[in-house]
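J.: Here is how the chains run, residue by residue.
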Amino acid sequence: MGTHSLQQLTIPHPTRVICAPNGVPHAVDIAGRRRTVVAVRDQWIAQDRWWTDDPIERHFYELIVDPGRVVFVFCELRSSEWFLYGHPRAAAG
Amino acid sequence: MIIAVALPRFSLHIALLTHRVPVDALAALAPRPDAPQHVGVCTPHAAARGVRAGLRVAEAIARCPELLLLPPDPDATAAAHERLLSRLEHLGAAVVSDTPGEACFAADGLLRLHGGYEVLIRRVHAVLPVGAMGRIGVAPTRFVAQQAAHHAPTQLPCIVTRDEMAAFLAPLSMHALPISAPRAQGFWDVGIRTIGAVAALTRGAALEHLGRNELRAWHIARGEDDEPLLPRTPPQPLRVHVRFDEPVDTLATIEIAARILLEELARTARTRGTSLRGLILRARLIGHSSWTREIALRDATTDVARLTLATLPLLTHIPAPIEELAIDADASGGQIAQQLSLASLARDERARRTHEAVAHIRAAMGDGAVMRAIPLETWSDLPERQWALIPYSSSPSHIPRE
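Same order as they appear, the protein sequences are chains G and S.
Numbers 0 to 92, taken from numbering that gives the first Met the number 0, label the letters of the first sequence in order.
Numbers 0 to 401, taken from numbering that gives the first Met the number 0, label the letters of the second sequence in order.
In case anyone wonders, no lab produced these hints; they're calculated from the structure.
This one's a predicted model, so the numbers in the text were calculated from it and none came from an experiment.
Ideal Cβ placement from N, Cα and C applies to all residues, glycine included.
Incorrect hints may appear among the rest.
Every beta carbon over 12 angstroms from chain G, so not counted as near; a handful from chain S, in silico [to be verified]:
| # | residue |
| --- | --- |
| 1 | T193 |
| 2 | E245 |
| 3 | V247 |
Some chain S residues near chain G, calculated using beta-carbon distances under 7 angstroms [claimed, not checked]:
| # | residue |
| --- | --- |
| 4 | E383 |
| 5 | A387 |
| 6 | L388 |
| 7 | Y391 |
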């Protein structure tokens, strides 16, 4: 008999983000190319699963990157690692 | 003759294996979260320190501060029990079993097949799990065989002939008899403590103590248990399961997973030309524990709506976040007669075409080519928890109505 798995629709992938001195993303590496951030459309902090041994604390950014594509990135505040939503090639447009 | 096998402290043994705790540890089964806080079966070492099943948790820990309380794993226990029965059935035995870790069967039809009692008992011993200290009893009646198994040494079978039955049963506690607690208390109050004392009663006295409904216990005590064994029909198991990347505690998510599994079960049963008689829901909880519920269906069916109706309400009883949800089904039901409709509705036609299209795409590009996005926790701040993909099913519940 079969085994099923619910597959995630949006999967975060590790990425490299260069930040300005004030901590706001300045450029994002997408599929090996550096894309300059044109504007920050939104940003928020999410805290979840704080009742478990593996709490989640993320700073999300909704960015417009050169040449005009919208991408979602977040910084894992506990490890200071950056992640990009969606497949990097798809995000590269 | 009846052969009975008994694996003492079966559920505790499974819990020890699950938690990788040595069998000589000071350990006992912990109570379930939704049950009275009494400890369950304990190891002999814990029993030597004064712990016994049914003791309140606080008192058990007071008697034995090093006591390790292991959460019971009914899921693994049921799976191990089913493996035991299946192995016995592979020997040709028609097995009867009411309790996990115990089983019995009539040996008469197997003697020729295996070449006598000695070989048969050796083969039964070989199918018992290694290290589980399985015991074997042989006697003319089921009750005596079961008691013989409980009192047998680990390596040797306890064989009780018809002539020895009265002497064997006489010193055993009357609590072993199948009588209700008030009746047992009644016996205790008048000083009847052993099966021998019960057997010595006249029929009239036994009727007065036990009533007509429980008079069978008196017959059993006298070795007159002539009730035929009613062996089970070996199940035709189907199993589907879904594993979650991280523990899930949202009922909506668990229900969606259950629906997917039920559709898969019903589809497979229909393909085999059978229907589902019963379901066993199993959830693997965080912390190496598990949750199990059994559902007996009134009629064998492959109707997803009926299966869903019977299953989903039980999911609310899952006590903790789950890592895996599985549904075992007994697909030993007959083929369900399908009543065909005279009129073909447009919706049915659309469903048929969709089903055909999906089948074509899957044949060309694989099962993962057609997926369906479903909302999970749309209120979550984390985008990856808001939506999920499941294999697209063209069954009626997924087709939009007109």
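J.: Taking the least C-beta to C-beta distance, is S/L388 closer than 7 angstroms to chain G?
T.: 4 angstroms, holds
J.: Over 12 angstroms to the closest beta carbon of chain G is the bar; see if S/E245 clears it.
T.: 8 angstroms, violated
J.: Hey, does the S/Y391 contact hint survive, CB to chain G under 7 angstroms?
T.: 12 angstroms, violated
J.: Decide, holds or violated, for the assertion that all CB atoms of chain G are farther than 12 angstroms from the CB of S/T193.
T.: It holds; S/T193 is separated from chain G by about 50 angstroms at its closest Cβ, greater than 12 angstroms.
J.: With 12 angstroms as the threshold, tell me whether S/V247 passes as away from chain G on beta-carbon distances.
T.: 9 angstroms, violated
J.: Does S/E383 pass the interface hint, meaning its C-beta sits closer than 7 angstroms to a C-beta of chain G?
T.: 5 angstroms, holds
J.: How about S/A387: closest beta carbon in chain G under 7 angstroms, or not?
T.: 4 angstroms, holds
In terms of the numbered hints stated before, the structure departs from hints 2, 3 and 7, listed from lowest to highest.
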